[in-house]
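J.: Residue numbers (my numbering), protein chains in the order written: chain A, -6 to 84; chain R, 2 to 386; chain L, 251 to 634.
Hint data in this document are derived by calculation from the structure and do not stem from the laboratory. Treat the numbers as computed from the prediction; the structure is a model and nothing was measured. All residues carry an ideal CB built from backbone N, CA and C; glycine is no exception. Hints should not be assumed to be uniformly reliable.
What the hints assert, rightly or not - Computed cross-link-like contacts, DSSO-like style, restricted to lysine-lysine with a CA-CA straight-line distance of at most 30 Å:
(1) Lys1/A / Lys443/L
(2) Lys552/L / Lys81/R
(3) Lys83/R / Lys160/R
(4) Lys45/A / Lys191/R
(5) Lys17/A / Lys287/R
(6) Lys443/L / Lys81/R
(7) Lys46/A / Lys183/R
(8) Lys6/A / Lys183/R
(9) Lys6/A / Lys272/R
(10) Lys379/R / Lys45/A
(11) Lys45/A / Lys272/R
(12) Lys537/L / Lys83/R
(13) Lys46/A / Lys81/R
(14) Lys1/A / Lys190/R
(15) Lys324/R / Lys24/A
(16) Lys537/L / Lys552/L
(17) Lys45/A / Lys183/R
(18) Lys18/A / Lys258/R
(19) Lys24/A / Lys183/R
(20) Lys269/L / Lys83/R
(21) Lys272/R / Lys54/A
(22) Lys287/R / Lys258/R
(23) Lys46/A / Lys190/R
(24) Lys45/A / Lys81/R
(25) Lys83/R / Lys1/A
(26) Lys83/R / Lys443/L
(27) Lys1/A / Lys81/R
As the list claims (entries may be wrong) - Reference listing, derived: stretches of chain R covered by chain A, where coverage requires no fewer than 3 residues with Cβ under 8 Å from a Cβ of chain A:
(28) 106 to 117
(29) 348 to 357
Spelled out, the chains give:
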Amino acid sequence: MIIPVTSKPRTSKANKTGTWRSGKKPHFIQKECIACRLCVMVCPEGCISGDKKCTYISDYKYCKGCGNCVAVCPVADIEMVKEEWWRETIS
Amino acid sequence: MVTELFSSGHTACVGCGQALGARLVVETTGPNVIIANATGCLEVFTSRYPESAWGVPWIHSLFQNAAAVASGVEAALRIKGKLDQVRVISQGGDGATADIGMASLSGMFDRGHDILYVCYDNEAYMNTGVQRSGLTPFDSRTTTSPAGKKSFGNPRPKKNIPEIANAHNVPYVATASVAFPKDLQKKVKKALSIRGPKYLQIFVPCPLGWRHDPGLTYEIAKLVVETGLYPILEYQDGKLISLKTIEAAKPVDEYLKLQGRYAHLFTERGKGEIAKIQAIADSNIKKYSLLKESKEVQKKMMEEKPSEEKIFTTAELSKCDGKDGRPAYFAYKGKVYDITGSDRWADGTHYNMHFAGSDLTEALVEAPHGDEVFERFKIIGVLKM
Amino acid sequence: MRQYLEGSHAVAQIVRLCKAQVISAYPITPQTHIVESLAQMVADGELNAEFINVESEHSAASVVQGASATGVRTYTATTSQGLLYMIEVLYSIAGLRLPVILTCANRAVSSPINIWNDHQDSVTARDAGWLQFYAENNQEACDLHLMAYRLAEDHNIMLPVMVCMDGYILTHAYEVVDLPEQSQVDKFLPDFKPVHCLNPDEPISMGVLMGPESYTETRYAIHQTMMDALNVIPGIADEFEQVFGRKVNCLIEKYRLEDATQVFVAMGSMVGTIKEVIDGLREDGQKVGLLKIIAHRPFPKKIVYEALKNAREIAVLEKAVSLGEEGPLFSDVKSAFCGHGNQPKISGFVLGLGGRDITKKSILEVQDTLAGAQVDVKFIDLKI
Chain A
-6 MIIPVTSKPR TSKANKTGTW RSGKKPHFIQ KECIACRLCV MVCPEGCISG DKKCTYISDY
54 KYCKGCGNCV AVCPVADIEM VKEEWWRETI S
Chain R
2 MVTELFSSGH TACVGCGQAL GARLVVETTG PNVIIANATG CLEVFTSRYP ESAWGVPWIH
62 SLFQNAAAVA SGVEAALRIK GKLDQVRVIS QGGDGATADI GMASLSGMFD RGHDILYVCY
122 DNEAYMNTGV QRSGLTPFDS RTTTSPAGKK SFGNPRPKKN IPEIANAHNV PYVATASVAF
182 PKDLQKKVKK ALSIRGPKYL QIFVPCPLGW RHDPGLTYEI AKLVVETGLY PILEYQDGKL
242 ISLKTIEAAK PVDEYLKLQG RYAHLFTERG KGEIAKIQAI ADSNIKKYSL LKESKEVQKK
302 MMEEKPSEEK IFTTAELSKC DGKDGRPAYF AYKGKVYDIT GSDRWADGTH YNMHFAGSDL
362 TEALVEAPHG DEVFERFKII GVLKM
Chain L
251 MRQYLEGSHA VAQIVRLCKA QVISAYPITP QTHIVESLAQ MVADGELNAE FINVESEHSA
311 ASVVQGASAT GVRTYTATTS QGLLYMIEVL YSIAGLRLPV ILTCANRAVS SPINIWNDHQ
371 DSVTARDAGW LQFYAENNQE ACDLHLMAYR LAEDHNIMLP VMVCMDGYIL THAYEVVDLP
431 EQSQVDKFLP DFKPVHCLNP DEPISMGVLM GPESYTETRY AIHQTMMDAL NVIPGIADEF
491 EQVFGRKVNC LIEKYRLEDA TQVFVAMGSM VGTIKEVIDG LREDGQKVGL LKIIAHRPFP
551 KKIVYEALKN AREIAVLEKA VSLGEEGPLF SDVKSAFCGH GNQPKISGFV LGLGGRDITK
611 KSILEVQDTL AGAQVDVKFI DLKI
């Protein structure tokens, strides 16, 4: 009888860490964006994606709201905003 | 960039520098790697059964043996003739690397295995509750080196693991910080292009352990470099091949004041301690010639011989800062470019990150573009070394 | 083919024939000749393997763990302090269900330091989830290693196996052993096919964090597997006999037990001495016999009970003691009678520690004491 102490790959996606946010989330204004992709690089969750300018956005199912994307954006095109209840953005 | 090798949904703290570092590493290595991970935060927050954040084959055994397990993986791949297609990464925190795993790391270096060892340096045993490790910096407060009436925190300096790695004659040793992600990724790529044991130590802030705002992870990882406290170096076969120079060293206070683990130093009693930490930074700056003006460093970095064109000294270049009607020039790899009037250099600054009148050779590493964008600018001279 | 070989070299030959591909060990007397022999074979191209010289036993076990997890056949050997040093890795290997093979060249444990034979080292690992076998002589040591690979890699088992052979007494003794041909070994032991393996084509995470809700079942699974192994082992022993033309005992061996009223129970090389004593006593008309325990883990409790149930007096002799209690084998033998109506006199004897010679006199002292009141722990040949 073998019960492997293994997990399948990428199964962490079942865990919606967006529920961790408490009161604020990053808002991607998508106006000045130069597609430098620094926000994509600096997100510890790896949940920011985008392609051309002004297409970058967090996957709010996973975004924990740390705010490093706001700190790193060279054109201040991301801002932290109040979030009343994460459920609206997750479901 | 392949995000499916380190997926979201892991349970790292908000703003975790180590999660960031690990993601950057594995996204650079690509899928054809096997990772041996030591016990620690990274292992715990990525592998809570039945969920795993890893999209590459990954094994966790114990605390001190990541390098030894990786050695076994490498030996197996070698005997199967697969070491060309599949590479081996071994990784752990500062405790796993510099303390309990020191012997197995040394053994891995000594035997010459083709493994890249990555140390995520958050400067304490974070997973078990912020206890002091061999890489905890001087005067940092941890639960086992607390500050109190009779103590300013950890009384010892950090162990210099990069130098220990170099002493083992390994072909590649580097340090990095998550504030310079492209530099980090470049180093991972460079490491994987070399066969043999490699060591990469990455500075990764820990909002929980260091008591800082999670949104300051990037800023703190940048400041530690800009103060000179964490030199960003790169060695190949024991010779320094690159380092991140600093324009003007920021005082250590700017870095320390953002973190609760140093809060006890911002008292009447603690002032003298800050001076000691400044001395560490100053000593690093001197030892590694971190300041931009250092001539030896500039010589090392320069790739081309000076030509017959107009020669600018650093002082002359610095006057061409694009302010108050002055021309805007910058230097790159020894050549001086004219960017006066460019709309991306209004008032002599580029997105508030870079300044005309300076040498931007190093800054380009982190840029979202390559040097092809300079083609539209006129070269009007060379920078005197 | 019969050869006159040192025990260590014989075992090394078996490991070569089994085509171990990653071998890693740290030198410790009296295991050294095994790994030196293997190193020479690799250097001469007689064995196509990676021989990894490590900086400690902890790393030796870790290297074979990593290699086994990557899907190759592995081997390591150690003893005494080395076994104790790597013990956390042994638990980890079993927990990950990796078929690593380890030879324990049994030796006493420090402190004080003593490099001679006893079983205190390997009994310390008896809870780790490794199958453990004890060899009486070098032929048995060889055969148990062959069985070990076959067993460990069986998809119904997938657990690591430790073959114990007495340090110096067996490792450094020259005996005639019948070594098989490569073709026979290839027939008995097919290529290693892992159940799960580190491979970018199927990127699993091994050694994950399992909480209270999932951990217990993994331990249950190992325990169940070891119980199942008691049924699997005899079938594989039959295969062994068919291929090599030689019977191999894997769980127990009964020696002149049929009508024995007094029975000695023991493991390892001292069994040879006990057999000689029994032969002498039998000539005197005494109804004595021996039950040799080969598999200590899993402990073949039912078979042991069946073999011993008609005895009136049982002496368990062992080269180990759980300080503060009694000998581990003694505890195991007593437990075989638990739940059954009869309970003969079972006495426990500790001897041969730190390599103290076990002579016929020692065995007779055991027999003498056995005749008296029951004892839990009697140290034989004690000088105080």
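J.: Against each hint, give a clear statement of whether it holds in the structure.
T.: Do the hints match the structure? See the list:
| no. | hint | verdict |
| --- | --- | --- |
| 1 | Lys1/A / Lys443/L | holds (20 Å) |
| 2 | Lys552/L / Lys81/R | violated (43 Å) |
| 3 | Lys83/R / Lys160/R | violated (35 Å) |
| 4 | Lys45/A / Lys191/R | holds (28 Å) |
| 5 | Lys17/A / Lys287/R | violated (43 Å) |
| 6 | Lys443/L / Lys81/R | holds (14 Å) |
| 7 | Lys46/A / Lys183/R | holds (20 Å) |
| 8 | Lys6/A / Lys183/R | holds (26 Å) |
| 9 | Lys6/A / Lys272/R | violated (47 Å) |
| 10 | Lys379/R / Lys45/A | holds (29 Å) |
| 11 | Lys45/A / Lys272/R | violated (49 Å) |
| 12 | Lys537/L / Lys83/R | violated (62 Å) |
| 13 | Lys46/A / Lys81/R | violated (46 Å) |
| 14 | Lys1/A / Lys190/R | holds (27 Å) |
| 15 | Lys324/R / Lys24/A | holds (27 Å) |
| 16 | Lys537/L / Lys552/L | holds (23 Å) |
| 17 | Lys45/A / Lys183/R | holds (20 Å) |
| 18 | Lys18/A / Lys258/R | holds (25 Å) |
| 19 | Lys24/A / Lys183/R | holds (25 Å) |
| 20 | Lys269/L / Lys83/R | holds (18 Å) |
| 21 | Lys272/R / Lys54/A | violated (45 Å) |
| 22 | Lys287/R / Lys258/R | holds (24 Å) |
| 23 | Lys46/A / Lys190/R | holds (27 Å) |
| 24 | Lys45/A / Lys81/R | violated (44 Å) |
| 25 | Lys83/R / Lys1/A | holds (23 Å) |
| 26 | Lys83/R / Lys443/L | holds (17 Å) |
| 27 | Lys1/A / Lys81/R | holds (24 Å) |
| 28 | 106 to 117 | violated (count 0) |
| 29 | 348 to 357 | holds (count 3) |
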